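Please put together the full structure from these sequences, using the hints given.
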Amino acid sequence: MSKAFQKDTQAQKNLNLIAKLESDNETKVFEGMTTLVGMMSQGYEVLEFFPSVVKLVASPNLKIKKLVYIYLDQHAELNPDLALLSVSTFQKDFQNREQLIRALSLRVLSSIRVPSISQIILLLAQQAVNDSSPYVRKTAALAIPKVYGLNKDHEENLIELISALLKDKHPMVIGGALAAFNQVCPDKFELLDEHFRKICSLLVDCDEWGQIIAIKTLLRYSRTQFVDPRLFDSSEESDHMKSGGDETNFFSTDSEEEKPEEAEEKESKKPKYKMDPDHKLLLSSTIPLLKSRNSAVVAEVCNLHFYLAPRSELRVIAKALIKLTKREAPVQYVALSTISTISKKFPKLFSSNYKEFFVLQPEPLYIKTLKLSILTQLVGLANVYALTKELRAYVKSENIQFVICAIQSMGQIASHMKEVRDTCLTILMNLISHKSQKVAGESIVSIKKLLQQNVDEHMDVMKHLTKMIDIVVEPSARSSILWLVGEYCHKIPLIAPDVLRKLAKTFRNETNIVKLQVLNLGSKLYLRNKKQTEKLFEYILTLSKYDTNYDVRDRARFIRLLLVNPKSKLDNAKLEKIFLSEKPLPLWNDNDETSEFVLGTLSNILKIRLSGYQELPKFPEVAPVNETRKNSTYGVKKKEASKRKSKKHRKRQKQLAKESPFFEDEKFWEESGSGSGSYSGTGSYSGSGSFSGSYSGSGSYSGSGSYSGSGSYSGSGSYSGSGSYSGSGSASHSATRKNVEKNPKSGSAHNSGSGSYSGSGSYSGSGSFSGSYSGSGSYSGSGSYSGSGSYSGPGSYSGSEQKQSNQVNSEKENSKNNLLDLSGLDMFGSNTNTNNNTSSQISSLDFTSNSNYQQNSVKVEFPMKTLVEKSREGGVDISYRISRTPSLHPGYTPIRLYIKNKNRNPVKNLKIAEPVPDNIISFQPISNLNPDQSYQTILYINFNSKTQPISFQIKSESELTNCRITPTTGELLIKPLSFDENEFDNEVSKLSGMSALKQQLQSIESLKPQEIKEKIIEIANVCQINSKEEKLKFVGKTGSSDMVYIIIDSNTLSIHSTNQFMIHLISKDIKNALKN
Amino acid sequence: MIKSLFILNTGGDIVLEKHWQGRTGRNIISQFWNELTKGNRTKDLPPIIRIRRQTLIYIRKYNLLYLVVADQDTSPLMFIEFLNRVIEVFSNFFSTEPTETSVKENLPKAFELLGEMMDNVFPVTTESSMLRDMIGATMKSTPNTIENSKKFATLSSDQVGGLPWRRKNIKHSPNEIFFDVIESINATIERSGKCLNSEIISKINCECKLSGMPTLTMVFNNSSILEDVSFHQCINLDTWERRKILDFIPPDGQFELLTYRSNRMQTQIPLYTSGRFNWSKKKRRGKFEVILQLRNSLVKSIENVSVLIPLAQGCSSPSIKTTNGAVFFNDQTFELKWEIKKMPKNKEVSMKGSIKLPSKGSIPREKPVAIITFSIEGLCMSGLKVTNLNISKLKKKIFKGVKFISKSGNFTLKF
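Line by line, the protein sequences are chains A and B.
If you read the first sequence in our numbering, its first letter stands for residue 1, the second for the next number, and so on.
If you read the second sequence in our numbering, its first letter stands for residue 1, the second for the next number, and so on.
Hints may contain errors.
To give an idea of the chain A side of the interface with chain B (calculated C-beta under 10 Å), a few residues [unchecked claim]:
hint, residue
1, S110
2, V114
3, A179
4, A296
5, V334
6, Q361
7, Y366
8, K368
9, T601
10, L602
Below are the SDA-like pairs computed for lysine to any residue, each with C-alpha atoms no more than 25 Å apart in a straight line [unchecked claim]:
hint, chain 1, residue 1, chain 2, residue 2
11, B, K244, B, K283
12, A, K435, A, E419
13, B, K414, A, I404
14, B, K168, A, V622
15, B, K3, A, C185
16, B, K3, A, K13
17, B, K104, A, L15
18, A, K13, B, K168
19, A, K607, B, S91
20, B, K352, B, Q313
21, B, K414, A, K607
It is worth saying that the hints were derived from the structure and are not from the lab.
Since the model is a prediction, treat every value here as computed from it, not as a measurement.
For glycine and all other residues, C-beta sits at the position ideal for the given N, C-alpha and C.
Written as structure tokens, this is what we have:
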């Protein structure tokens, strides 16, 4: 063996490892890292490799990088200075295209527990919250508590982040967001208000861990929001349970029959309870989760129902919990603890299933004892004999510990059920001679307690017991017997003094507790039977005086002074009061403390209050009014409702069409109040399918248009109005607040005229409208706007009746919100009426496509593209154009779809095939499309600033079609609302070098400025700036908020932007466009 | 909230440790081990215990002990289930049961998996198929694959947003899917032969080797048997609630589709059992008799019947007569085992005999029990049958099969 080999100690190995880590060969480095991670996982100290590892963090090899991350995750806090070196790499990785890398870098960085980087983590988390990948967003959610742990100062920012994440619609993110909520601000329940319904309906789709957190949170939330449903329970059992006491529990079965009248009376007195619909929603949406294979989910649902559901609905959780007890021991253990707590409150819930809790021989002790305690609680008239029989078998077990528990249970059962008391006493008496002293002792203790309850009936047992004093050795048993003899010495006047005599003989060898009981017995006998026992007692007192134990000495001195001392001033009556007072009946130790801990916590199982234990909030006496939650519109029910509504609407439309296509009908006119005035309201809606933002406009609203009073803004489409629109002439702009077809607006409802709308915010929604609509301006037109449904919300609607063609200039109430001043414009009601057919509706839907564009009145017809090829048998034609309306969903581009059924049969249930890709927000499914009927709808796609095609599938009942939409570069831009020229110049001057491009354009001379303008606006969604110079200036914004500035000065094209890629693409497009 | 996870072997040595919020000292483990081995109560130590102001939650599987340390209150079941998932994922990744050897062989991988499965004390990704994409190719890479591994991060957006339990682009040839419906009968029977209580605990295991993203629908003859059921997350709960059929896209490989529990038994318990057992004080012997008979109504044959009687310590010299089968006595464990290869129909079989107690010591108070095991193939005691199994979105030929097995679970005869 060579010497070198011998020296190959641990140190040498470490050196080799370092050499590997610092090698240039990636394979070697990887090997080294693998070894290192292996060492870590076995708990070796690997801090000395820190410098070598930190260097590797920038490795381009992802496998190595991952291992380095693992290392840093565990060791960074031990070496914060060096760890800081790696931070920039994490930041860089966070920009990676791959979502996993982004998530990983954020996760590892946030796990580095170095307080000084909390700010950096916070920044990254803030970015990650808006990430397109739900996985990254979830990682961001989980990073929040870590930042909070590092630095509590960020609390405000973090809460902001949490509330942003709670808005997320992806079920994956919700779990993380709620986990963060629980750790950072568990009591800020107002954050949950508007999301309550959403969480309820997403619950089934969450991953199991998310479900657990969500249920926990919803439970605590609900306890602050709803009233206790059990307060109103008509049945009397709940009252029973509240009154406590074992008696009621044990006799609950028969007491029910006793007082049904009373219950009825109570019921009539109580106000009728109606459960809050949200409360009901929560309960009903958690029930399916009872089928989860994850026991923790099932248990959490059970806990939630235990604390929130009316008692009559608890049966379902009893069943689920019993099923959990069939799982492996650890799960069974927790499930049984839960059952034990619940059955303490509602024994009837499980009493019919008592056989499930019979103890099986191979079970571990902790399961057996829990089962015993449950059985004891479940005992009732119906099962008491079966239970006693079981217990009789249990006490024969070889396991002493278990036998002792069984004896205790037996004692408890016997004390409450007089039917089996004799049987139990017999069994217990037999056990006194058990080979184990512990068992013998325990049985005597139980007998003692039983005897106390009714000593006269059991004198024979009493006598038998006194004989046992010769046999029994266990001190606790002996002292119990002595105590009994003392207590009832007047009933066994012949035996009692004899017992004292026996003990006087053995006094020296007794244990302390026995000695004390002997003194006790002696003093009682002394009082009752002084003649026979005086001498004996004197003897015992003298012995005690010289006892080694001070308790015994003290007691003896105390008794002597009281009883024997002639100077004692107390008369016999007083002494009897002291020594022979009536004793209250014994209490069985019921471990009552368990019920004080919330179910499903470690504290509940261990019966110790652990740190981090959260108390459950108490039910409020009166449910708080929670408008935010009530008004949130989310959930499955909602969808159904809107579907139903849409059907109604269609009917209504047809009806209206028949009634009065022109709305000049006097009758109709009277019925519906025509409005001019303003809508104003406060509060805004947010959420999906609801109105968010405010709608403000200025302009006058005039005309014979009637708003039928029962009109509601409900529909399931969207209208988004951030942007401005102005036009002149009588371009039919009935499309104004138009949702898609399903809008309740009657088909002929029609505001035509020249008005302008401006608003920021969006209006979309299926459901009720409550938001702010404030307008000062004038509308003119003859048409009516009517619908059915209801208008609800805090907004106020004030209207005054008007005559046709009346022009009203309402006051400009909200000049602050006024984005465009239109008062100067002519407003004439055009009396054009549209026919109530589908095509007119279609035309009314899209005001962007057939309306004039602002300012420059450049009329742009966006090219229509075919999405679905030639209609086949059973096919539909779908074409689309990228709409330039401002998007409802930030980052998503609205795509307007034109669907025509060219088939002979109706097409049913047309929608985007599930699963809808993340980057697409689908339109509402079209339930029916008749032959030759056309339809328009809007689809939102997030192109993510890329010109790559997005593919998806459109599905109807009969077919599935692949579709693909490719955006042009220009459409990826977003047109800003308005832009100031000074600002424009200012920004442009900042962007030079790489961020600018200047090119000569050929053949541009032939084009007029107007034509150039039109062409540019056609290819790109940009806004032209009114310029004092001769230049044409345009500005647009990319999805990632990079501004793009385009200047055309005679034949020079210059483009400025921070996004060089965009410059390149746009310049190409512009050149192509201008060439032709 | 939990801080650390330890995996211990049968000797109490740490095989793996992983910490999330700072290190937990190893001495808590040795203290735990003392607690566990103290006296003879290894089995009786509750799975949740408190040591040195920390709470320990542990489970055991395949001779390994998985233990998490929590310093704050938390939901115990959540972590018990998490540990179950860890074991599930390990066995999936190591393609073998996670034993001490296989964990040690795969330490870096196991460590990485744990890192992905839990983020800041909150379980995150626990589905094997998703983890497989995250961890990438196997860690035991040859030099060549290392060079190519820059491309490893291939988790597509669909995966994270899509089905967590199934990856895209799975290919199999041939395409096959098999289901095993396994019903375990738990029963406690009195010596007179009266059945005290009985229930069926069942599960449906599935082995799926299908390409692509197939959607399966499974219809049962009587869905009310599945009243008390737990589903794998792939099953569409909504369809079940409405139409009582199973609708799911299965995970790849082996998995447990559902479990259910039923009190209803189509017929009587398949095996009639009775017996008696008495300790005779004078002779210091135990006399016993066990009688078994097949129910006439049972069509299928019953196999591997055995009766196991664990006796008191020190018992010896049995003398036994049987009508059928063979009896074995293990003088180490003091267990008596009666095996019957083939149960005759329409005839009862019995075992009679006695056993000697050690000459010293007391007579046991407790009578032993007889643990009976058996299995019946091709039959479900609950009467469950699969009436239809449909696989859509897959045009190739598919082999599919459903197998039914009924067997004894916790089937005991109380003397």
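Here is what the structure says about each hint:
Given hint, S110/A at the interface with chain B, holds; its Cβ is 8 Å from that chain's nearest Cβ, closer than 10 Å. This hint is violated: V114/A has a C-beta 13 Å from the nearest C-beta of chain B, more than the 10 Å allowed. Because the closest C-beta pair between A179/A and chain B is about 5 Å apart, less than 10 Å, the hint holds. Of the supplied interface hints, the one on A296/A holds, with its beta-carbon coming within about 4 Å of a beta-carbon of chain B, less than 10 Å.
Satisfaction of the interface hint for V334/A is found here, the shortest Cβ-Cβ separation to chain B being roughly 5 Å, below the 10 Å cut-off. Look at Q361/A: its Cβ gets to within about 6 Å of chain B, closer than 10 Å, so that hint holds up. For Y366/A, the shortest C-beta to C-beta distance to chain B is roughly 4 Å, which falls under 10 Å, so the interface hint holds. Because the smallest distance between the Cβ of K368/A and any Cβ of chain B comes to about 9 Å, under 10 Å, the interface hint for this residue holds.
With a least beta-carbon distance of about 5 Å to chain B, the hint placing T601/A at the interface is held under the 10 Å criterion. Because the smallest distance between the Cβ of L602/A and any Cβ of chain B comes to about 5 Å, under 10 Å, the interface hint for this residue holds. For the hint pairing K244/B with K283/B, the CA-to-CA distance comes to about 61 Å; that exceeds 25 Å, so the pair is violated. For the hint pairing K435/A with E419/A, the CA-to-CA distance comes to about 29 Å; that exceeds 25 Å, so the pair is violated.
Restraint check for K414/B and I404/A: the C-alpha separation of about 21 Å stays at or below 25 Å, so the hint holds. For the proposed pair K168/B and V622/A, the alpha carbon gap of about 52 Å is over 25 Å, so the pair is violated. Between the alpha carbons of K3/B and C185/A the distance comes to roughly 21 Å, so the proposed pair stays at or under 25 Å and holds. With a C-alpha separation of about 31 Å, the suggested pairing of K3/B with K13/A is violated against the 25 Å cut-off.
Of the pairs offered as hints, the one joining K104/B and L15/A holds, with about 23 Å between alpha carbons and a cut-off of 25 Å not exceeded. Between K13/A and K168/B the alpha-carbon distance is near 43 Å, which puts this suggested pair outside the 25 Å criterion. As the CA atoms of K607/A and S91/B are separated by approximately 35 Å, the hinted pair breaks the 25 Å bound. Between the alpha carbons of K352/B and Q313/B the distance comes to roughly 20 Å, so the proposed pair stays at or under 25 Å and holds.
Among the hinted pairs, K414/B with K607/A is inconsistent with the structure: their alpha-carbon atoms are about 35 Å apart, more than 25 Å.
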